[in-house]
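Peer 1: In the order they appear, the protein sequences are chains R and B. Heads up: the first sequence at position 113 corresponds to 113 in my numbering, and the numbers run straight through without jumps. Heads up: the second sequence at position 139 corresponds to 139 in my numbering, and the numbers run straight through without jumps.
By construction, these hints were calculated from the structure, which means they are not laboratory data. The structure displayed is predicted, hence computed values, not measured ones.
Here are the computed lysine-lysine pairs in the BS3-like style, where the Cα-Cα straight-line distance is at most 25 Å:
1. B:Lys59 - R:Lys365
2. B:Lys102 - R:Lys294
3. B:Lys59 - B:Lys88
4. B:Lys102 - R:Lys251
5. R:Lys6 - R:Lys186
A few chain B residues that don't get close to chain R, going by computed Cβ distances all over 10 Å:
6. Ile31
7. Asp49
8. Gln70
9. Thr90
10. Leu92
11. Glu114
12. Gly144
13. Glu154
14. Leu177
15. Trp179
16. Arg188
17. Arg198
18. Gln204
19. Ala205
Covered stretches of chain R (chain B as the covering partner; in silico rule of three or more C-beta atoms under 8 Å from a C-beta of chain B):
20. 239 to 251
21. 260 to 267
Even for Gly, the Cβ is constructed at its ideal location relative to N, Cα and C.
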Amino acid sequence: MKLRTKITLIAAAVILLAAAVSDGIIWMICRRTLLQEAEQNVIHRLAVQRAELERYTEQIGGTVTLPELTYYFKTRGDDYTVFVWNGTVVYNQTALELEDLRSAEFLPYAYSTNEIAQIRKNGAEMLVLKGSAGGGVLYAVEDLRPVTHRLTMLAFGMLTISACIAVLTIPLLYLLTRRTLRPLGKLSDSAKLIAAGAYDERAAVTGTDEIGMLAQDFNTMADAVQERIRALAESEERKSMFMADFSHELKTPLTAISGYAQTMRTVRLSEEDQAEALGYIYSESKRLDRLAKKMMRLMELERTERLETEDIDISALISAACETCRPAAEKKGITLEQGDCTGSLRGDFDLLHDALCNLIDNACKASNAGQTVRLYTEITRETNDNPNITALSEDCAIVVEDAGCGIPEHEIRNLAEPFYMVDKSRSRRSGGAGLGLSLVAQIIRIHGIRMDIESEPDHGTRIKLHFVYTPLNT
Amino acid sequence: MAKRILIAEDDDAIARMIAMNLRAAGMEPVIFPDGEAAAQSLPADHAYDLALLDIMMPKKDGFALFADIQPYGIPVIFLTAKDDLESKITGLQGGAEDYIVKPFEVLELLVRMEKVMSRNQKPADTLQVCGLEVRLAEHRVLRGGQEITLKPMEFELLVVLAKHKNTAISREDLLSLVWGANYYGETRTVDVHIGQLRKKLGLQAQIVTVPKIGYRLEDDT
Numbered sequence: 001m002k003l004r005t006k007i008t009l010i011a012a013a014v015i016l017l018a019a020a021v022s023d024g025i026i027w028m029i030c031r032r033t034l035l036q037e038a039e040q041n042v043i044h045r046l047a048v049q050r051a052e053l054e055r056y057t058e059q060i061g062g063t064v065t066l067p068e069l070t071y072y073f074k075t076r077g078d079d080y081t082v083f084v085w086n087g088t089v090v091y092n093q094t095a096l097e098l099e100d101l102r103s104a105e106f107l108p109y110a111y112s113t114n115e116i117a118q119i120r121k122n123g124a125e126m127l128v129l130k131g132s133a134g135g136g137v138l139y140a141v142e143d144l145r146p147v148t149h150r151l152t153m154l155a156f157g158m159l160t161i162s163a164c165i166a167v168l169t170i171p172l173l174y175l176l177t178r179r180t181l182r183p184l185g186k187l188s189d190s191a192k193l194i195a196a197g198a199y200d201e202r203a204a205v206t207g208t209d210e211i212g213m214l215a216q217d218f219n220t221m222a223d224a225v226q227e228r229i230r231a232l233a234e235s236e237e238r239k240s241m242f243m244a245d246f247s248h249e250l251k252t253p254l255t256a257i258s259g260y261a262q263t264m265r266t267v268r269l270s271e272e273d274q275a276e277a278l279g280y281i282y283s284e285s286k287r288l289d290r291l292a293k294k295m296m297r298l299m300e301l302e303r304t305e306r307l308e309t310e311d312i313d314i315s316a317l318i319s320a321a322c323e324t325c326r327p328a329a330e331k332k333g334i335t336l337e338q339g340d341c342t343g344s345l346r347g348d349f350d351l352l353h354d355a356l357c358n359l360i361d362n363a364c365k366a367s368n369a370g371q372t373v374r375l376y377t378e379i380t381r382e383t384n385d386n387p388n389i390t391a392l393s394e395d396c397a398i399v400v401e402d403a404g405c406g407i408p409e410h411e412i413r414n415l416a417e418p419f420y421m422v423d424k425s426r427s428r429r430s431g432g433a434g435l436g437l438s439l440v441a442q443i444i445r446i447h448g449i450r451m452d453i454e455s456e457p458d459h460g461t462r463i464k465l466h467f468v469y470t471p472l473n474t
Numbered sequence: 001m002a003k004r005i006l007i008a009e010d011d012d013a014i015a016r017m018i019a020m021n022l023r024a025a026g027m028e029p030v031i032f033p034d035g036e037a038a039a040q041s042l043p044a045d046h047a048y049d050l051a052l053l054d055i056m057m058p059k060k061d062g063f064a065l066f067a068d069i070q071p072y073g074i075p076v077i078f079l080t081a082k083d084d085l086e087s088k089i090t091g092l093q094g095g096a097e098d099y100i101v102k103p104f105e106v107l108e109l110l111v112r113m114e115k116v117m118s119r120n121q122k123p124a125d126t127l128q129v130c131g132l133e134v135r136l137a138e139h140r141v142l143r144g145g146q147e148i149t150l151k152p153m154e155f156e157l158l159v160v161l162a163k164h165k166n167t168a169i170s171r172e173d174l175l176s177l178v179w180g181a182n183y184y185g186e187t188r189t190v191d192v193h194i195g196q197l198r199k200k201l202g203l204q205a206q207i208v209t210v211p212k213i214g215y216r217l218e219d220d221t
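Use the sequences and the hints to build the structure in full.
Peer 2: Here's what the structure looks like:
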């Protein structure tokens, strides 16, 4: 059953019950009032008749006889009075018989000698007040039929009014409930849409009531779900990108190796061609080997959280990296220049050496013959009020600077993605697989070093490795 | 006349490997290291029978280069490591003749190239190999104007060997190329027919048995 139907039915039941109860109470009050009125009537009549009768008795002289009484009632009697004298009915114009009066159960009435009874005869209700007067018994009778009739009419009227109210209120109630609950429907629609995959759907429900609050909570939940889904999709995409790139990096040398091997097996080649084919098979397998090693290294570094650290003299570190890279750089006609280097840092010498070599390698690839790649340290003194930690809070950076082709700004944040290359063609001419900077990123991550890349297309790139400066203990 | 093939491939090793095979098959390969170089050379020289295009190339990718090549009516085969369905559909819907995924078998590449070229131009009527004149349409083989009678399958075998001269073809490949992919014959069948060809054509020296692989028709002319 729908909530609005339920609420309507419950409310309708409550309204009807309240109407019935109030109808009943009102009816009871009216009935009592009417009966009291009837009682007042009989009391009044009895009192009047008694007084008249007593005055008559006094006029006559104290003692009355039956004929006198008969005469009296003939002239003074009314339709509501019965007078019984010495066991005989002197006067009776009512529908009641003496037998009825005798058999009726009279109860004492309110602080008087009078007695009262209700007598039912031929479907008519009579209220009878009994009192002694003039040596006999005087009955004042009130027919209750008008009272009953009025009460019936009243009950009927009230029930009609209640029914009208119910007929009018229930549809109104239904409409109002529906209106109040409409936001719930909207909320439900939004939930269905979200469940069907429209994660950017939000409930357009406003207001500060419970439903409005529910909608707000719902939207907060939807935000969280959307964010989570987006993150999942992103990581999934990154994974599949990684797999696609990895398979591309594998397939290119594999194609060459298997192609040359097939050629040598099947084609009659000249000496030079054979030598060339063998050369390529060798160099391409070397390339696969390098790729495998770098991948292993990257996976190893991804798992590494802590490392063996030692104090490293930055000047020595940079010199060592320059020495390693100089032959390759000079082959390309690029000069490696070591600028001012100072300070020390804690870390793994081999890993940092590797990271620097990768950065130098990248710088050389970006440079043209005749250009220079410079390495130096840069200290930016930060204002700090505490003199004791001044030395430590100095921000120090190792800078690898080239004047080469530069990196477009929107590419910079993707640089550390595995296999990412600015040149979409992934040209093998520069000889990389796009893993270098990923390695660097992993190495500096476990060292807690921050890397900044500043670059301007056609003017060169400056890569800064920021770390906490410690003066070298000599 | 030797067939001229345009190769646009940024990976040196692969480009030269393909070129080596094409030269051995008597074709004339021209290598471009990127899409732009290939596109720039086209207005001056576009007498190619076929173009092999890598998709991921520097400066101009294969799809873009394809648009430049189309006006010259050169049939194109894409040669790429991208083996997702989307790239294949893009390549083939654009009007490329074929799409070969790296790593590929060299023989497969040659056969597909041959199919594409025969679709796109009138096939050569006559093959000249080892002093023989193979008339394809007439199913006749002549040496110095003198006809040599061959059985139909022997003739087909000779045609396959002649088309891939200087390249060894395995018995299995010969079976499927000559007798068809659905022929479940024994490789002995190939040996028997090769023997017949050697005897009838006097090619004992030219049809070489390559150990563990198959046969190669050698022609130095």
